[in-house]
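Asks: For the record, the sequence lines run as chains A and B.
Using this note's numbering, you'd call the opening residue of the first sequence number 1 and step up by one each time.
Using this note's numbering, you'd call the opening residue of the second sequence number 512 and step up by one each time.
It should be emphasised that the hints constitute simulated quantities derived from the structure, not laboratory data.
Nothing here was measured: the structure is a model prediction, and the numbers come from that model.
Be aware that one or more of the hints could be misleading.
Footprint (simulated), chain A over chain B, 3 or more residues, beta carbon under 8 angstroms [to be verified]:
| id | segment |
| --- | --- |
| 1 | 529-542 |
| 2 | 549-560 |
| 3 | 566-573 |
| 4 | 578-592 |
C-beta: ideal position from N, C-alpha, C; glycine also.
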Amino acid sequence: MDNLTSLRFFVPESVLTAAVLALFIEDLLVRRSAQREIILTASAVAWLALTGLALAAMPAGDVPLFGGLLQQDPLRVFFCWLFLGAALLTILIVPKSRQISSARLGEFMALLFALLLGMFLMASATDLLMIYLAVETVSLVSYVLTSFRRADRKANEAALKYVIYGGVASGVMLYGMSLLYGLFATTRVTGAGGIGSQLADVTSSLFRAHAFGGQPAAQLSLVVAVVFVLAGVGYKIASVPFHMWCPDVYEGAPTPFTAFLSVGPKAAGFAVAIRFFFAAFERQVPGGGYVAVTELPWPAIIGIISAITMTLGNLTAIVQTNLKRLFAYSSIAHAGYLLMGLSAASTAGVQAILVYLIVYVLMNVGAFLVVIAVSRHTGGEDIKDFRGLGHKAPIAALALAVFLFSLTGIPPFAGFVGKYLIFAAVVQKGGFWNVMLAVIGVLNSAVSLFYYARIIKAMFLEDALDERPISVPALYTGVLVALAVPVLILGLYWTPLIRWAAAAFGGGNAL
Amino acid sequence: MSSIGLPHFLIVGAALFALGMVTVVTRRNAVGILMGVELILNAANLNFIAFNHFVATPGSLAGQVFSIFVIVLAAAEAAIALAIVLAIYQTFHTIDVQDTDLLRQ
Chain A
1 MDNLTSLRFF VPESVLTAAV LALFIEDLLV RRSAQREIIL TASAVAWLAL TGLALAAMPA
61 GDVPLFGGLL QQDPLRVFFC WLFLGAALLT ILIVPKSRQI SSARLGEFMA LLFALLLGMF
121 LMASATDLLM IYLAVETVSL VSYVLTSFRR ADRKANEAAL KYVIYGGVAS GVMLYGMSLL
181 YGLFATTRVT GAGGIGSQLA DVTSSLFRAH AFGGQPAAQL SLVVAVVFVL AGVGYKIASV
241 PFHMWCPDVY EGAPTPFTAF LSVGPKAAGF AVAIRFFFAA FERQVPGGGY VAVTELPWPA
301 IIGIISAITM TLGNLTAIVQ TNLKRLFAYS SIAHAGYLLM GLSAASTAGV QAILVYLIVY
361 VLMNVGAFLV VIAVSRHTGG EDIKDFRGLG HKAPIAALAL AVFLFSLTGI PPFAGFVGKY
421 LIFAAVVQKG GFWNVMLAVI GVLNSAVSLF YYARIIKAMF LEDALDERPI SVPALYTGVL
481 VALAVPVLIL GLYWTPLIRW AAAAFGGGNA L
Chain B
512 MSSIGLPHFL IVGAALFALG MVTVVTRRNA VGILMGVELI LNAANLNFIA FNHFVATPGS
572 LAGQVFSIFV IVLAAAEAAI ALAIVLAIYQ TFHTIDVQDT DLLRQ
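Build the full structure now, drawing on both the sequences and the hints.
Replies: Quick look at the structure:
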């Protein structure tokens, strides 16, 4: 589709770009206003609503945009809504969190919109250049937001580690992309002449890649290139061995941003991974299934990474006492579960990932919100700060218990549905190793119960360190209820989730 | 081989990549590590330009355009990274990455 027609499908991104500029200017205009927090929050929400309107008004379809740089399809729309939801929650949480000073709130909001723009692009990128640019946009803004509190030593250290790991991971990904470009002489992943169609075509340029000395060498470079590209994606979703930045950044960054970081960029990383692997290495057959087009064992590679990621995340989480670090390791573990769905390499697997991501946004942002509500009074995020929370702030404590049980994957909470669907997709794929992967997943869930239950025990069974009451703002209580109720309802009635995921990928319900 | 061909460029690219990796892993100075990251990015750039010349269909510029974008992004990343290093120096009074280890369990 040519550039002018494509613009019709690019309105949400254009609105976001305008929002970034407008928020920076507005930040200056209301500098002296006493109501600046309310004005800035309201206008950020208004810009989000405008983006949502643009997204809803966008014509549906499955078409390449800008000559194949981006792709308009239901998957893109699904992820855009997910990102909008996560951003809305973050914007509501930020002003009262006492972590971002009122003077710099506008800056924070504007940068958050820039991050959102990068994530929107990640959700639709189908060209190596576009994928790289989108990933870098998200990364660069994340570095800035992590070091937002400049006088804070922890924040600076976290940002330094983030920028070093991020620079290396994106450099490695870029090197892999350069190899892919050399193999296929194109940067397009989808479409005619793209990497996917060349791989599906027996007479592809892969076999003409004389530079690599014939076919075996070309195959080897293909494996290396894919593993390198996986490094960039793995870093965004915090999977082993690119997870080291995760705990430090989660602990050092302002907590509202940590909440966003744990759901937004992670989901965006999965959007890129789903698009890249399914467009390049799988071919859709009549009936909705997928068959591999190459000998490349990418599902096996991802399966192994998935098993290591969730095991390491869960085992390390056990010894954590700081809740932000604990949730960082738990989010690494959740990246492992999600990768399991990807390693199934099937429609059912991807649909399960989508369901899991929706639920994950609800429960993880909810859990972080309780951490924020407590730490704005105690100033700490250790488990001991949560002792006696059941008496001090019953609603927050109950909500956190719901989120933690849901994160564990216990019925009747929504987390169970997500996990069950992922395990089912892997088992459905069949084969000894796939079943083993599911078993490892179930064992890991059991391990995770141990450290989640420790928090619940501290909240309800242990006496508080002091009797200072914890007052939760009405806004926070409202958001907590709005997050906890769907977690409960979707755990019992999950048809809407499945219907939504089925509409976003594959067209039919494969779950 | 008498003339310079694609393999020569690829070998230089791979060597740059390896040197960048070694720099990142062995340096303790934050600025030194960032230099290693730049080496990795330029290794990929060299690959892109070499492939564009030797492999891509004549007249196509995808590889060269890619490398220009990478150069721009590398500049942006360096700006942010150096700002962070400056903030590290102001709070820790050192830019040795082994001395910035508050966050460790």
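Asks: Report the numbers of all earlier hints that the structure fails to satisfy, in ascending order.
Replies: none
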